[in-house]
Amino acid sequence: MFDKVLIANRGEIAMRVNRACHEMGIKTVAIHSTADANAMHVRMADESVCVGPPPARDSYLNIPAIVTACEVTGAQAVHPGYGFLSENARFAEIVGEHGIVFIGPKPDHIRLMGDKIEAKKAVKRLGIPVVPGSDGGVTNDDDAKRIAAAIGYPVLVKAAAGGGGRGMKVARSESELSLALATARSEAKAAFGDDSVYLEKYLQLPRHIEVQVLADNQGKVIHLGERDCSLQRRHQKVWEEAGSPALNAEARDKIGAVVTNALTKLGYLGVGTIEFLYENGEFYFIEMNTRLQVEHPVTEMITGIDLVREQVRVAHGGSIGFDQSDVTFSGHAIECRINAENPLTFRPSPGLIKDFHVPGGLGVRVDSAAYSGYKIPPYYDSLIGKLIVHGRNRNECMMRLRRSLSEFVIDGVETTIPLFQSLVTEPDIVNGDYSIHWLENFLKRKVG
Amino acid sequence: MFDKVLIANRGEIAMRVNRACHEMGIKTVAIHSTADANAMHVRMADESVCVGPPPARDSYLNIPAIVTACEVTGAQAVHPGYGFLSENARFAEIVGEHGIVFIGPKPDHIRLMGDKIEAKKAVKRLGIPVVPGSDGGVTNDDDAKRIAAAIGYPVLVKAAAGGGGRGMKVARSESELSLALATARSEAKAAFGDDSVYLEKYLQLPRHIEVQVLADNQGKVIHLGERDCSLQRRHQKVWEEAGSPALNAEARDKIGAVVTNALTKLGYLGVGTIEFLYENGEFYFIEMNTRLQVEHPVTEMITGIDLVREQVRVAHGGSIGFDQSDVTFSGHAIECRINAENPLTFRPSPGLIKDFHVPGGLGVRVDSAAYSGYKIPPYYDSLIGKLIVHGRNRNECMMRLRRSLSEFVIDGVETTIPLFQSLVTEPDIVNGDYSIHWLENFLKRKVG
Amino acid sequence: MSKEEKPDPLEGKMIRDLAAILEETGLSEIEIEKAGLRLRVARNIQMVAATVAAAPAAHTANAPSGAPKATDLSSHPGLVASPMVGTAYVASSPGANPFVKIGDMVTEGQTLLIIEAMKTMNQIPSPRSGRVTQIIISDGQPVEFGEPLMVVE
Amino acid sequence: MSKEEKPDPLEGKMIRDLAAILEETGLSEIEIEKAGLRLRVARNIQMVAATVAAAPAAHTANAPSGAPKATDLSSHPGLVASPMVGTAYVASSPGANPFVKIGDMVTEGQTLLIIEAMKTMNQIPSPRSGRVTQIIISDGQPVEFGEPLMVVE
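Chains as they are written, first to last, in the numbering used here: chain A, 20 to 467; chain B, 20 to 467; chain C, 100 to 252; chain D, 100 to 252.
Where hints are given, some of them may not hold.
EDC-like cross-link-like pairs, simulated, lysine to aspartate or glutamate; straight-line CA separation at most 20 Å [said to hold, decoys possible]: (1) Lys465(A) <-> Asp116(C); (2) Lys373(A) <-> Asp238(C); (3) Lys373(A) <-> Asp430(B); (4) Lys273(B) <-> Glu306(B); (5) Lys125(A) <-> Asp235(A); (6) Lys46(A) <-> Glu415(B); (7) Lys218(C) <-> Glu112(B); (8) Lys373(B) <-> Asp430(A); (9) Lys23(A) <-> Glu415(B); (10) Lys218(D) <-> Glu116(A); (11) Lys394(B) <-> Asp374(A); (12) Lys46(B) <-> Asp235(A); (13) Lys394(A) <-> Asp374(B); (14) Lys218(C) <-> Glu116(B); (15) Lys46(A) <-> Asp22(A); (16) Lys23(B) <-> Glu112(A); (17) Lys373(A) <-> Asp374(B); (18) Lys373(B) <-> Asp374(A); (19) Lys218(D) <-> Glu112(A).
Calculated directly from the structure, the hints in this document are not laboratory data.
Working from the sequences, and respecting the hints, build out all of it.
The following block contains the structure:
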């Protein structure tokens with residue numbers, strides 16, 4: 020195993036990686052900007068290196084400084100966390116060129132999945148379902164009808180040159196299709212000077228469901244079930260669950276098999292997540308994240324598997340020590356992202372945390388780098404910490420979440436805790452009945 | 020289910036019960052002395068009643084005040100926690116006479132197990148193994164040899180009138196028996212004026228292993244495996260594990276079956292613990308605790324069962340919703356009792372906790388009623404909180420414990436954290452190789 | 100013996116924000132109505148010397164009953180505090196005359212009220228001779244240990 | 100770039116206790132020996148104006164490298180701080196004369212030292228003209244961003 024790992028990140032995820040490394044007996048090196056000299060991730064590491072001034076581009080994104088920090092400390096591997104350099108294929112390559120192990124996928128796979136168009140083509144070839152469409156322009160109504168019938172209604176007629184919603188029409192049945200085509204064509208012509216349109220399946224109230232995978236370099240790929248991250252605001256996840264209230268074991272096994280087959284063919288390495296929209300029992304690929312995700316703890320809570328430990332092990336060349344049949348899903352877990360933000364306007368609220376008291380007891384986990392007296396710097400993201408709660412079933416989990424939120428004290432900055440305290444009492448949330456539009460609609464009702 | 024429960028305790032166990040009640044949708048009433056007006060257990064409850072001045076006999080042991088507090092708040096049941104009135108049969112009776120449910124066993128069983136001599140007789144009748152002995156005085160050497168051979172060497176020759184170690188001799192083989200008998204008799208005669216002696220099996224390096232049980236009022240009794248609490252100082256447990264490093268699944272099932280059969284015959288109700296000494300594969304009854312125990316969380320961590328929830332459910336007349344075969348033991352858990360004490364002298368260190376920062380992350384649980392700015396009053400026990408760590412195996416658990424201890428910050432009072440930081444690196448502890456004498460010997464070596 | 104009705108946390112947030120504006124501007128009242136929600140926040144500027152207990156740092160669910168009451172009598176030299184938990188009665192039986200009224204002169208040992216605890220009626224004697232200047236509890240009210248009952252000075 | 104050898108926690112406890120006694124009594128040294136353990140604790144009372152960084156509240160494992168060094172130069176007007184992470188060399192090659200020595204007069208832009216980062220040798224120019232009064236780093240020493248290298252005043 021590695022003797023020493025450099026953690027090229029900050030905040031709660033640097034803490035998370037530091038914890039996993041220490042539990043494996045691996046020494047850690049923290050990097051930090053001058054703004055983070057007193058940060059918890061720096062205090063907890065065995066060594067630390069200041070890599071630059073506060074702006075991330077000069078510190079946490081400063082590739083030469085980070086590679087040099089590995090060299091001067093003798094770190095044999097670098098863990099990128101999430102964000103920052105975690106999906107930078109060039110960084111992974113440079114690290115490798117310096118004889119340092121990048122704890123993550125192969126650079127080619129990072130690059131492939133970073134190109135959204137190429138990624139969609141690639142995963143389709145590998146057997147992963149994507150949003151069905153006409154695969155190119157549709158020139159006459161008869162073709163359109165045939166294609167729409169194959170896709171299934173409702174369908175979206177989109178201007179090929181389109182954007183910003185213009186030249187987009189929904190046809191809910193064949194009787195609406197001709198009008199939709201004509202309108203879209205004329206709007207497209209007027210807006211873009213090009214009347215070519217194409218068809219795509221229209222998802223009305225989809226959920227965001229993603230599948231966690233883990234792969235070693237001996238060709239073994241395991242899936243660890245799904246997470247439901249439908250509760251989003253401006254494409255930012257705020258609440259994640261494992262498992263999804265919308266999936267049963269059969270559906271989980273089915274999509275899990277599709278994903279693991281695809282990634283086995285690809286020769287993927289490390290942890291990764293395939294994100295889907297899910298509607299009426301069907302999955303539609305959004306993108307693949309080639310890194311550890313913020314919401315990985317909910318998967319850990321129901322599987323008992325330490326994802327960061329496994330990630331480090333497979334990066335070192337180790338094989339996954341269990342089979343798909345050994346993975347069991349026990350109970351239910353929910354994560355709330357506690358941000359330093361106004362809970363109504365989401366305006367960031369950096370500053371001094373005067374008092375920080377976390378909930379405890381059975382089934383409660385907090386991942387955070389905050390402490391009483393910590394000053395949240397204004398340069399980075401607003402995540403103070405993650406409250407992760409496990410219960411033997413979703414109802415127990417929700418009740419535990421409610422009581423945990425009532426114990427959580429963060430004084431001095433505004434936080435999103437009051438938002439979650441509202442959410443746990445909402446009937447739709449209690450019932451698990453929500454799509455990716457639910458939270459935006461809820462906030463509109465609340466704020467007006 | 021109950022609408023409202025009064026929690027007749029303080030500190031971390033009052034928090035523990037409060038959490039369980041809130042997760043069941045039950046309102047809570049805290050009681051407190053004037054010294055505890057700002058205590059966390061008071062803040063977290065839905066209602067609170069001040070029952071008396073600081074001394075426990077006038078507040079937490081004040082039966083009329085507590086029963087009246089139930090009546091004025093309309094609490095339908097009372098949870099006694101551990102310590103204080105939890106094993107007071109009279110309190111359980113009075114509560115019942117007032118139409119309030121005592122969340123605990125039947126008063127008769129509390130009373131029986133509170134009488135150590137009667138308890139030993141009773142459990143022996145019920146088939147639980149006790150330390151074998153001569154069951155009365157031994158008058159001649161031939162009888163003694165026959166009995167000693169049946170018990171197995173080494174045997175302890177004890178003065179019937181004895182105490183304080185006088186008139187106690189060990190015979191390690193039959194050849195030593197006559198001399199031991201003669202010496203014990205003459206010492207006993209000299210010390211107590213009575214030379215009658217009896218024989219008992221001598222345990223040299225036993226472990227303290229206890230079995231957790233749960234019983235409903237429909238005759239179902241389940242065991243939840245064992246805890247190893249051998250690491251003690253002056254009969255105070257400081258570190259507890261589930262499972263015991265000394266037991267395998269077969270031994271666990273065997274003693275579990277003995278215990279559940281006995282308690283089924285007894286007609287026991289609620290949670291309880293049978294404590295044993297364990298040596299050379301044999302169990303010897305010490306006592307039964309007819310209440311929730313401090314160390315119950317390690318059992319919760321490996322079984323996933325919320326013991327307080329089950330305790331409240333069966334007290335309400337509910338049946339246990341699972342069978343013995345549904346209970347599975349997953350991974351390993353260790354609890355460290357973090358006391359406000361000097362880690363070398365164990366001198367209590369009450370006072371202001373200036374900074375309180377708990378460890379977080381995967382597999383880490385903290386049960387505590389402390390917070391930054393909390394002043395530990397000098398009137399009650401010194402337990403600040405319990406650090407409970409779970410891992411997929413004992414090694415992972417130990418590594419996680421080590422890193423958790425390094426994250427735990429309690430400033431302002433002395434704590435036993437440094438003791439645990441020493442223990443996690445001791446080879447005997449790492450190997451799980453310790454008896455009830457290990458800790459005292461370790462402390463002698465350390466302090467001289 | 101405090102209970103709390105918990106408001107919707109988002110509304111709680113809004114109320115606190117408005118309270119802050121009130122404090123800042125010196126206004127005595129703000130009323131706002133939007134999206135189906137009407138909120139009115141007022142502050143009684145006339146209130147003299149009322150001790151508003153500072154929220155303890157970690158307070159979230161329940162105001163500790165040991166915290167100072169709106170008017171803190173705990174150090175009043177004439178205070179008669181409850182020696183036990185129970186239900187306070189100002190008269191020997193329903194409809195009977197109360198033991199004492201405000202303005203009455205009482206002598207040390209004279210019964211001021213009764214506290215019922217565990218079906219027992221406990222007569223609470225006056226700790227001193229003097230005039231009854233405040234009767235804090237009302238008939239049939241539950242009281243906790245140390246709770247202010249009356250002032251005799 | 101701080102590392103720490105961790106002492107046995109119980110011994111660490113004992114050392115801290117002794118340090119407190121030292122402070123309290125004004126002694127400069129305490130030595131104690133018992134049960135196979137010998138401990139000597141001393142305090143250099145002569146040390147003038149040395150900034151001993153207060154342990155941050157939550158500090159347990161690692162002294163943050165951003166904390167003030169024993170002698171805090173961060174606000175010294177003549178400070179030359181490292182503009183990058185790397186390995187500092189005081190001469191152009193092993194055995195060669197150093198670029199500068201204490202007492203040398205240097206002009207703005209003159210090379211003071213080299214920092215190697217990612218196999219590249221970066222010449223570090225003097226930010227001002229003046230006299231080299233302190234050389235803080237030693238040859239081959241790893242440096243972090245912002246770390247004091249020299250004083251030119």
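Structure-based check of each hint:
no., hint, verdict
1, Lys465(A) <-> Asp116(C), "holds (15 Å)"
2, Lys373(A) <-> Asp238(C), "violated (44 Å)"
3, Lys373(A) <-> Asp430(B), "holds (16 Å)"
4, Lys273(B) <-> Glu306(B), "holds (19 Å)"
5, Lys125(A) <-> Asp235(A), "holds (11 Å)"
6, Lys46(A) <-> Glu415(B), "holds (16 Å)"
7, Lys218(C) <-> Glu112(B), "holds (16 Å)"
8, Lys373(B) <-> Asp430(A), "holds (16 Å)"
9, Lys23(A) <-> Glu415(B), "holds (19 Å)"
10, Lys218(D) <-> Glu116(A), "holds (12 Å)"
11, Lys394(B) <-> Asp374(A), "holds (16 Å)"
12, Lys46(B) <-> Asp235(A), "violated (50 Å)"
13, Lys394(A) <-> Asp374(B), "holds (16 Å)"
14, Lys218(C) <-> Glu116(B), "holds (12 Å)"
15, Lys46(A) <-> Asp22(A), "holds (6 Å)"
16, Lys23(B) <-> Glu112(A), "violated (62 Å)"
17, Lys373(A) <-> Asp374(B), "holds (11 Å)"
18, Lys373(B) <-> Asp374(A), "holds (11 Å)"
19, Lys218(D) <-> Glu112(A), "holds (16 Å)"
The structure fails hints 2, 12, 16 (numbered hints given earlier, in ascending order).
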